[in-house]
Amino acid sequence: MVTAKPTDGSANAAGNLATTSRLALFVAVCDMPGATEALIGGVHRALDAAARRLAAPDKPVRYLRAIYLPGEQRCIWVFKACDLATVRLVNDTAQAPFEQITEAVEYLTESAESVANP
Amino acid sequence: MSGARAGRAVGNLPDDLSEFVGRRAEVAAGKRALAQSRLVTLTGPGGIGKTRLALRLASDVRRAFADGAWIVELASLRDSALLAREVARSLGFSDRSTLWAVATLSDHLSSRRALLVLDNCEHLLDACAVLAESILRTCRDVRVLTTSREPLGVTGETVLPVPTMSLPDLTDSPTPDLVLRSEAVRLFASRAAGVLPSFAVNEVNAATVAQLVRRLEGVPLAIELAAVRLRSLAPEQVLDRLQNRFQLLTSGSRTAEPRHQTLEATFEWSYELLADDERTMWRRVAVFAGSFDLEAAEAVCDSDGITRDTVFGLIDGLVAKSILICEPDQVPARYHMLDAVREFGLRKLREAGNEGRLARRHRDWYAGLAAAQEGLGRRQVEWIARLHAEHANLRAALDFCLDKPGEAAAGLRAACDLWLYWGAHGHLTEGRRWTNALLAAAGLDCRLRARGLWVAGYLSVSQRDVKAALPLLEEARHLGLDRDPSAAAYSTLFLGRGVGLLGESERGLALTEEALALHRAGNDWKGVVLALVQLLWMRILNGYLAGTRELFEECVSTCEAHGERWMRSYALWAFGIAAWLEGDADESTRLETEALRLKRDLRDEIGASACIEVLAWIAASQQDGQRAAALLGAAAGTWQSLPGFLPQQLQERNSACREAAQRLLGSGAFDAAFTFGHRMTIDTAIAMTLGEGDGSPKPSSVAAAGPSSSLTDRECQIVALLAAGKSNADIGRTLVVSTRTAETHVRHIMDKLGLSSRAQIAAWAASGGMDSD
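Here the protein sequences line up with chains C and V, keeping their order. Take our numbering: the final residue in the first sequence is number 118, and no numbers are missing along the way. Take our numbering: the final residue in the second sequence is number 773, and no numbers are missing along the way.
In isolation and in its complexed conformation, chain C is listed as follows (with noise of 0.2 Å):
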């Protein structure tokens, strides 16, 4: 049986973290023509960096993991943090470009998230 549901917790996620005990999923999108395995890694390694250097506990962000759609030549770095713009200085210390960062929605199965979610 697979249920569906936000991660955070509430009916509505979009756009609204949902208590502040509770981070919220962000993630950054960027192209990138002729990426490589190094060079994904080298970004990756770099954001893993700068967010445990820089959480904080008033400003907590975890980096979790980074997609790369080699069709589209595009990545996608994903994060838990309190608000965009910590997300945003974790991506400026890493200097790991990006076209957008937004906030977003994961729905899980509940085998999905208890690994997600430990």
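Just so you know, the hints here were simulated from the structure itself, not pulled from any lab data. Beta carbons: idealized from backbone N, C-alpha and C, even for Gly. Hints are supplied without guarantee of correctness; some may be wrong.
What the hints assert, rightly or not - EDC-like mimics (lysine to aspartate or glutamate), calculated; alpha carbons at most 20 Å apart, straight line:
(1) V/404 - V/364
(2) V/404 - V/355
(3) V/467 - C/113
(4) V/467 - C/110
Unchecked claim - Residues from chain V shown here face chain C by an in silico Cβ test under 10 Å; the list is partial:
(5) 83
(6) 154
(7) 158
(8) 468
Dock chain V against chain C, hints included.
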């Protein structure tokens, strides 16, 4: 050309402006640390001498780095997203791509042995740490030396706290010899002698000088500020006044770190010793970021009792008191403050309630500069140099506009005025960041918005980010056709460029022709020239050679009438390609050579590489494989930082040239000649291409050099040292032989290899000559 690329010159370390005193233990510790660790950070508060120590260390060890030691000054950089590009700029190349700038930087450094000095990292600590980690992971022969008020906190970092200078021991009757053993006293004596040549530490003043430097706790900046007062005070008077100031300070807060208190007290004391108008000037010039010139100081600082006529005298007075530092090699003279001194001045400005007013005057001056500069025209080169020198202040002015409510429109106007500076001189990412941020903030004045949109679109197209460019340019065109003919013309022009990059050549040509007509109707000669070059280029690229001569001739005559060289050089380059495509190699060579000479004068590295590229094709078509391979190598270094810069049609020519040269030479000789060209400075590459200079490396002579097996072991050692930039005297010291013996060895090496200069030996070694048996 300044700032030659890493791997192609020895670096950009500045000369010392004053004697470097003491720090023997710290220099030794720093060298040991750099030998063992790939990341070394010098820490300490402002005024402790971190930068001077870093520069001394870098200077001492730079010969160990074949590709040089490079300093990146970060004090005036506020935007962490521009850090990697700022490093690239300091290394002498501009990253115009939209890719991850750190990767472009790493690619550039990965095959090089260089020392990077990142100075003043504290306000960009996290970005510097992430950058350092990334570089060190991918560039195994690069070492990084940073200065910061705190460690970067990177695994493998060696932290060297910079202590205060050594102090004289307290004794009842210190002798001059005794007190001069301390670094602090020697520093004091050196700086005092700079303002009072007759000054020396003697029996009369030794005790006082010892007490003075102890009072100042050996903080170098505090010592320097005190020493210059000997121009008009005796050492005892300096000490008395300082004692009074310190009593006042210690009666207040005790929470500040002691050395910081010392420096703060010294600043307050120096400030109090100034006349009222000098104090005012210290506060006001603190508003400048980086360095500034007299004209800027006169414009920004004159008001309320300070007139333009008095500004120079006040500046001169602050220089004499070491509040300001004059940069002697600049014309016109430029001045700057050390960060700690500037911070104090800004604090005083804030306390006086004048920071906002001065910041506005600063913005007005630099916005005026942006409006007055010529993107194209007779004084273009002069303006490029001036804007480059003022870059930090331009950033500060734009920052002000972005931060202050209601100022974004003024900022957008200034950012738009600088469109060619951003676009043609390697600041594409930065220009985009400013224009996009100011567009978002600037409100709805349609004409300004249209202008901002086409500038943002132009910068995006120039960075090959056509997807981002098109909606900006289309909106600008829509607004412009309705309200602003100039915006309509420029947006149409760059829209044509953008769609051309997407392969829509017919539409691109039609839009460019429309833009040309709009610029002619508006009597905008600059727009006309831009459109003519773009039309010429697009026709050639698409094989429409008919009519290109008329376009070329009109463009050149318009440029000559206005003293415009930048676009003239591109017209020559493009028409040179047309001539080659029509089979006229001689005419093509003449045009490309003329363009290349202009590119050198204009410091247009990308344009120069484009000319060298075409001359490589000509060489291959004339069966000169050596020259073709070397020129391809010389141009390749530029294309590395500009992925996708060469259009498909030219990439095909590049590949065909490469294959032809490989067929002529064989792969081994091709690789050697290609590497030989690739490792050159751009200046050397231009000289080689133009066949200039006595003894400049020639690919044929280096490639034809004798085998390394003809050299003795000692001679092989000497070749390696030559390749590392060692002089004959250095070689002698290293190998424990006389300089004359080293010279003799070098002559023998030249004879055996059939070469005629040290530069040729180094080039032969760089191209793998030592591995060639």
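Are there hints from earlier that the structure breaks, and if so, what are their numbers? When the structure is compared with the hints, numbers 3, 4 and 7 turn out to be violated.
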